[in-house]
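For the sequence shown, my numbering assigns the number 9 to the initial residue and increments by one for each residue that follows.
Errors might be hidden in some of the hints.
For lysine to aspartate or glutamate, the following EDC-like pairs were computed, each having C-alpha atoms within a straight-line distance of at most 20 Å [what the hints assert, rightly or not]:
{"#": "1", "residue 1": "Lys121", "residue 2": "Glu59"}
{"#": "2", "residue 1": "Lys14", "residue 2": "Glu117"}
{"#": "3", "residue 1": "Lys34", "residue 2": "Glu59"}
{"#": "4", "residue 1": "Lys14", "residue 2": "Glu25"}
{"#": "5", "residue 1": "Lys22", "residue 2": "Glu32"}
{"#": "6", "residue 1": "Lys34", "residue 2": "Glu182"}
{"#": "7", "residue 1": "Lys22", "residue 2": "Glu11"}
{"#": "8", "residue 1": "Lys14", "residue 2": "Glu32"}
{"#": "9", "residue 1": "Lys121", "residue 2": "Glu25"}
{"#": "10", "residue 1": "Lys121", "residue 2": "Glu32"}
What follows is a set of in silico ranges between Cβ atoms, one per label pair, in the way DEER data are often shown [as the list claims (entries may be wrong)]:
{"#": "11", "residue 1": "Tyr37", "residue 2": "Ser208", "range": "31 to 37 Å"}
{"#": "12", "residue 1": "Trp17", "residue 2": "Val203", "range": "19 to 25 Å"}
{"#": "13", "residue 1": "Leu205", "residue 2": "Phe13", "range": "21 to 27 Å"}
{"#": "14", "residue 1": "Arg33", "residue 2": "Ser208", "range": "26 to 32 Å"}
{"#": "15", "residue 1": "Phe13", "residue 2": "Thr120", "range": "27 to 33 Å"}
{"#": "16", "residue 1": "Gly125", "residue 2": "Phe44", "range": "18 to 24 Å"}
{"#": "17", "residue 1": "Ile170", "residue 2": "Leu144", "range": "17 to 23 Å"}
Everything labelled a hint here was simulated from the structure, so no lab data went into it.
For each residue, glycine too, the CB sits at the ideal point set by N, CA and C.
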Amino acid sequence: MFETFKLFWKVISKPNETFQHIRERKPLYATVTYLFIFGAVSYFSFYASLEYLLSSKAAENSAIIMEFQKEFSSIFSNYVFSPLVAVLLIISPFIFTFLTVGIFSLVGEFITKRSDGIALFISFTFASVPSLISKLINTFMMNFLGFGMSYLFTVLFLIWGIMLYILAIEKVFEVNRRVALGIFFIPIIIIVPIVLLYSSYLLGIISPLL
Numbered sequence: 009m010f011e012t013f014k015l016f017w018k019v020i021s022k023p024n025e026t027f028q029h030i031r032e033r034k035p036l037y038a039t040v041t042y043l044f045i046f047g048a049v050s051y052f053s054f055y056a057s058l059e060y061l062l063s064s065k066a067a068e069n070s071a072i073i074m075e076f077q078k079e080f081s082s083i084f085s086n087y088v089f090s091p092l093v094a095v096l097l098i099i100s101p102f103i104f105t106f107l108t109v110g111i112f113s114l115v116g117e118f119i120t121k122r123s124d125g126i127a128l129f130i131s132f133t134f135a136s137v138p139s140l141i142s143k144l145i146n147t148f149m150m151n152f153l154g155f156g157m158s159y160l161f162t163v164l165f166l167i168w169g170i171m172l173y174i175l176a177i178e179k180v181f182e183v184n185r186r187v188a189l190g191i192f193f194i195p196i197i198i199i200v201p202i203v204l205l206y207s208s209y210l211l212g213i214i215s216p217l218l
């Protein structure tokens, strides 16, 4: 546990040194511990957001949310607030990290002819520190202040996270910043349009049924 919090803090204060340490030492136990913590935070953050959306205070601020409450409150009660969804939320960081690392590891190996999946998995895990911090702040604000974090702060945390992912790629594959940027953005440039097209296709099928 101590190693987990140590790496958490060092990613914030000394990211270059930390990702270098991860590539050399590969602290798996600390990584698994961190992912469980992230899963627990995701669980509480998700339900805090839902409870806010279903609250009267949220409805007062938006007619759209009021309509949303009328249409979907029963669905949330029956399905979303279930043990299965809770388990999926807790293990979601493991699944997301495995899938993400698989994609970026493949692209990185094609470009650099080198591969270190374990180091990349651990590095990407701790590169999500900005996301974890933003979830913690947002959950606190939802529960105690009655409103969420502003879009500006969300974007700032997103940019910080992207910078850490690129730095992680740079250290794991031992490449310069330009190559690391290529490894990071190539999958995004390919995958995002495919997802958008597929989503549009599904929406076209589902819309007549609604």
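Results of checking the hints against the structure:
1. Lys121 / Glu59: violated, 48 Å
2. Lys14 / Glu117: The hint is violated at about 30 Å.
3. Lys34 / Glu59: It is violated: about 39 Å lies between the C-alpha atoms, which goes past 20 Å.
4. Lys14 / Glu25: holds, 13 Å
5. Lys22 / Glu32: holds, 16 Å
6. Lys34 / Glu182: holds, 15 Å
7. Lys22 / Glu11: Holds. Lys22 to Glu11 sits at ~15 Å (cutoff 20 Å).
8. Lys14 / Glu32: holds, 16 Å
9. Lys121 / Glu25: violated, 24 Å
10. Lys121 / Glu32: With a Cα-Cα distance of about 19 Å, the restraint between Lys121 and Glu32 holds, given a limit of 20 Å.
11. Tyr37 / Ser208: 31 to 37 Å: Because 43 Å falls outside the window, the suggested range is violated.
12. Trp17 / Val203: 19 to 25 Å: Between Trp17 and Val203, where Cβ atoms are some 34 Å apart, the hint is violated.
13. Leu205 / Phe13: 21 to 27 Å: Hint violated: Cβ distance 42 Å, outside 21 to 27 Å.
14. Arg33 / Ser208: 26 to 32 Å: The hint (26 to 32 Å, Cβ to Cβ) is violated, given that Arg33 and Ser208 are roughly 45 Å apart.
15. Phe13 / Thr120: 27 to 33 Å: Holds - the Cβ-Cβ distance for Phe13 and Thr120, about 32 Å, lies within 27 to 33 Å.
16. Gly125 / Phe44: 18 to 24 Å: holds, 20 Å
17. Ile170 / Leu144: 17 to 23 Å: For Leu144 against Ile170, whose Cβ atoms are near 19 Å apart, the range 17 to 23 Å holds.
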